Structure formats: C-alpha cells, structure tokens
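Chemist: Sequence:
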Amino acid sequence: MPADSFDAIIIGAGQAGTPLAYALAEAGRQVAMIESASLGGSCINYGCAPTKALLASAQRAHHVRLAGDLGIEAPEPVVNFGAVIERMHRLRQNSRDSLHRKLTEDREGITLIRGRARFTAPHTLQVALVGGGEQQVTAPLVFINTGTRAAVPDIDGLADSGFYTSDSLLLNMTEQPAHLLILGGSYIGVEFSQMFKRLGTHVTVIDSKPRLMAREDPDVSHPLEQCLTDAGVELVLGAETRRVSRAEDGSITLTVTTKDGERRLRGSHLLVAVGRTPNTDDLGLENTGITLDKKGYIEVNEQLQTGTRGVYALGDVKGGPQFTHISYDDYRVVRDNLLHHGKRNTEHRPLPYVVFTEPQLGRIGLSKNQAKEKGIPYRVSRLPARTIGRAIQTGETDGFAEVLVGDDDRLLGAAVFCEQGGEIMTMFQLAMAGRLRYQELEDMILAHPTWAEVLNNAFQRLKPGE
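Taken in order, the sequence shown gives residues 1 to 466; the numbers are from full-length UniProt numbering.
Think of the hints as simulated: they come from the structure by calculation, not from any bench. Keep in mind that this is a model prediction, so the values were computed, not measured. Built from N, CA and C at the ideal position, the CB exists for glycine as well. Incorrect hints may appear among the rest.
Across the chosen pairs, the derived CB separations fall in these ranges [to be verified]: (1) Gln305 with Ala3: 21 to 27 Å; (2) Lys102 with Pro377: 46 to 52 Å; (3) Arg461 with Asp230: 22 to 28 Å; (4) Gly28 with His222: 53 to 59 Å.
Below, a list of computed lysine-lysine pairs in the DSS-like style, where the Cα atoms sit at most 30 Å apart [what the hints assert, rightly or not]: (5) Lys197 with Lys259; (6) Lys463 with Lys374; (7) Lys197 with Lys209.
All chains should be modelled from the sequences, with the hints used to inform the complete structure.
Modeler: Right, here's the structure in full:
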C-alpha cells in the first residue's frame with residue numbers, strides 16, 4: 001500500500017496537537033491529524049470541561065442551601081441529576097463540534113483521519129480506520145499527542161466489580177449514586193468527592209496515604225480534609241484496599257486494611273481515581289528510536305524531541321505534570337522553535353495549578369517542604385481568609401493565603417486556599433514573573449473591596465521558615 005505523504009503528522013487531537021495543527025497549516029504545511037476517539041483530548045472529554053460543568057451545578061445547589069446565611073429564605077434545592085448530566089454532555093458536545101468545524105471546514109491544509117495509528121517505521125504510520133480499512137501515511141515531522149488513560153490498580157476482584165474511572169464515569173454514568181466510594185485521594189478524588197456530596201450522594205474517599213493530596217504541605221492538605229469532613233464526606237486514610245466484591249443487588253464492598261484493623265466499606269458505585277497511565281503501549285514504538293521511561297512515558301529533551309529525529313512528544317504522554325496549560329505550552333515550544341526560529345524550551349517554566357474544590361486551592365512556585373528540600377531560605381506569611389474584607393462581606397471566610405518570600409524579598413511561591421483561590425494565585429504568579437518585591441505589592445493601590453487586596457495584606461505576618 002503506497003503511503004500518503006504530508007509535511008507533518010499529528011497523532012491525537014488534544015490540547016497540544018490541535019493548536020499545532022492550526023499553526024502548521026497557517027504556515028503552509030500539509031497536516032494529517034489522526035484521532036481514534038473524540039476530538040479534544042482529555043480536557044474536553046473527561047477532564048477540565050465536563051468536571052467543571054458538574055462542579056458548577058454542585059456549587060449552585062450548595063449556594064442555595066446556604067442562602068439563609070445571607071438573609072435569603074429558599075427551600076432545599078431539588079437536584080435533577082439527569083438534567084445535570086445532560087447539561088454536561090451538551091457543553092462537551094458543543095466543544096467537540098466546534099473543534100470538528102475548525103479542523104475540517106475553517107482551515108485549509110488539515111486532513112482529519114479517524115483511526116488508530118501505529119508506527120511501521122520512524123516516519124511512517126499505518127492507520128486502522130474507524131469503520132474499517134487502513135491508510136498508510138508518512139511525513140518528515142511526527143508529533144505524538146496521545147495522552148493518558150485512567151490507571152487501574154491490580155486489586156483482587158476489581159476487574160469484575162463494574163467500577164468507574166473518571167473517564168468512564170463522565171462518559172457513561174446516567175444514574176445518581178446513592179453512596180459513591182472513591183479510591184484515591186488526590187486531585188480527581190478530592191474534586192469528585194465534594195461535587196457528588198453537594199449533588200446529594202453519600203461519599204467515602206479511601207486512600208493509602210495518611211492524608212489527602214499527600215504531595216502538599218500538611219498544613220495545606222489538612223484544612224482541605226477538614227473542609228470535606230465538615231461537609232459530610234467520609235475519609236478513610238492510611239488504608240490499603242485488598243479486595244473488591246460486587247453483591248447480587250449491585251452493591252460494592254471494599255475490604256481495606258487500616259492501622260486499626262480490617263474494615264469493609266460498602267457503596268452503590270465505585271470510582272477508581274489512582275492516577276493515569278500513558279497511551280504508548282500500542283503505538284509501534286519498537287519500530288522507531290523512541291525510548292520510554294520505566295512508567296511507559298515517552299522520553300524527550302527540553303525541546304520535546306524524542307530519540308528519533310523529527311519526532312516529538314507533547315502533552316501528558318511525555319510524563320511530568322499533567323495539566324492542560326502545560327500541554328498548551330508544549331505546543332508553544334514546538335511552534336516557536338519550528339516556525340519562528342525560536343529557542344524556547346521546557347526548562348524552568350512555572351507550574352501553576354488549581355484544585356477546583358470550594359474553596360479553591362491555587363498553587364504556584366515552591367511549597368515550604370520543597371524550599372526546605374532545596375535548601376532555599378525563606379520567610380512565610382499566612383493570612384486567614386476570615387480577615388479578608390471581601391471574604392467577610394460575601395460570607396466566604398474559609399481558608400487562607402500563604403506566601404513564601406526569599407532573601408531578595410521576591411516571591412518564591414504561594415498556596416491560596418480560599419474563595420477565588422485560583423485567581424488570587426494567578427496574581428501572585430504575575431508578580432513572580434515580573435520579579436516584583438513583596439513591598440511593591442504591599443504598597444500597590446488596589447481597588448477596594450476586592451479579592452485582589454490579598455496582595456496588599458498577605459505579607460503582614462512574615463516570619464522565618466522553620
């Protein structure tokens with residue numbers, strides 16, 4: 001079978017591959033975009049977009065329940081779970097349809113191929129087409145943007161339990177769980193626990209670590225734990241899951257070992273949220289010079305080049321922090337280096353992220369533990385949210401804003417766990433990018449009363465790090 005020739009092939013229509021296709025096509029390149037599933041990658045299909053749509057519904061229900069605190073009498077909200085799910089599906093499909101138009105109608109130079117690609121040579125791929133048949137394609141430039149899928153641990157009985165992952169739940173769930181068991185206490189598990197609790201589901205989170213989000217400083221993760229337990233989420237931490245079983249009535253039981261002995265946790269549904277695994281196992285990489293790390297992620301250099309000349313890996317499939325904004329920056333790195341003769345790379349780029357609980361947790365730069373590990377001296381100040389004027393007025397007084405300052409009076413990092421935590425964190429990130437000294441933020445004239453005034457007040461309690 002003769003191969004169809006292109007200037008570039010992109011495997012995976014995710015948050016790095018799609019804008020790269022646009023940029024290459026606008027530069028006059030002929031691009032083949034290969035996608036075996038839905039357009040948009042994890043963000044649109046089972047990540048940011050659908051989860052935040054569900055979170056919006058859950059938060060609205062929560063705000064109605066708390067309206068009496070602000071003098072507004074309202075009945076207990078009735079959650080129409082089917083309508084909540086339908087809205088999420090509708091918004092997701094709108095995004096997919098928009099991407100399809102952009103790839104197939106709005107731009108010339110892009111050929112969308114629906115199928116599963118596999119390398120047969122370093123720059124040649126065989127595509128098993130959706131609907132049958134095969135197509136061979138070749139190009140001097142190939143970009144792998146195949147992402148990850150939910151990891152499934154090897155636990156006795158799990159495979160036969162009818163469990164969900166975050167991927168399958170957001171694609172297939174139609175009924176509201178009565179009692180959702182969540183295996184995993186990191187970002188996905190934490191967000192889903194609060195979301196489903198506010199929608200009216202009883203929730204239990206199980207994690208082998210002694211605390212939620214164990215990579216965070218303890219005095220950051222513990223307030224989040226308290227927030228969830230105050231809301232009625234059950235936490236079973238430091239627990240090793242040994243067995244999963246499903247009864248005839250459909251209920252699921254987890255047998256776990258804790259420091260206090262064995263426990264059996266029973267629920268109606270199980271969500272497994274223990275991490276991600278890369279989609280590299282069926283790419284035919286043995287027919288290239290591409291190497292994988294011990295977890296199966298593609299190894300790349302700081303320009304995202306693999307071990308095969310002209311082949312790049314972008315987004316989650318290359319390992320490292322798995323965030324949409326990092327994937328999009330991978331696109332910028334490749335775009336600037338290939339099309340604009342730039343020297344952009346992935347070294348020393350900032351890593352902001354937000355956990356979309358309520359309050360939000362926004363993080364940028366170094367944590368206290370990271371500063372200690374690196375031997376970087378710091379001062380730290382923590383401002384309770386209850387002292388923020390805007391928080392008092394709105395009733396959103398949970399949490400804190402914490403900042404780390406170096407010997408040069410510039411910010412090293414921030415953890416903001418309060419209402420608008422992600423937005424406030426981003427302002428600290430801008431100050432770090434501009435290398436502003438904290439005194440400049442303290443003396444900056446900011447509109448009152450806004451959440452931004454945290455930048456004036458966050459440094460009031462600076463003290464040496466321990």
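Chemist: Next step is simple, just say for each hint if it's right about the structure.
Modeler: Outcome of the hint check:
1. Gln305 with Ala3: 21 to 27 Å: holds, 23 Å
2. Lys102 with Pro377: 46 to 52 Å: holds, 49 Å
3. Arg461 with Asp230: 22 to 28 Å: Holds - the Cβ-Cβ distance for Arg461 and Asp230, about 25 Å, lies within 22 to 28 Å.
4. Gly28 with His222: 53 to 59 Å: 55 Å Cβ-Cβ, so the 53 to 59 Å window holds.
5. Lys197 with Lys259: Judged against 30 Å, a Cα distance of about 27 Å means the pair holds.
6. Lys463 with Lys374: holds, 19 Å
7. Lys197 with Lys209: holds, 22 Å
Taken one by one, the earlier hints all hold for this structure without exception.
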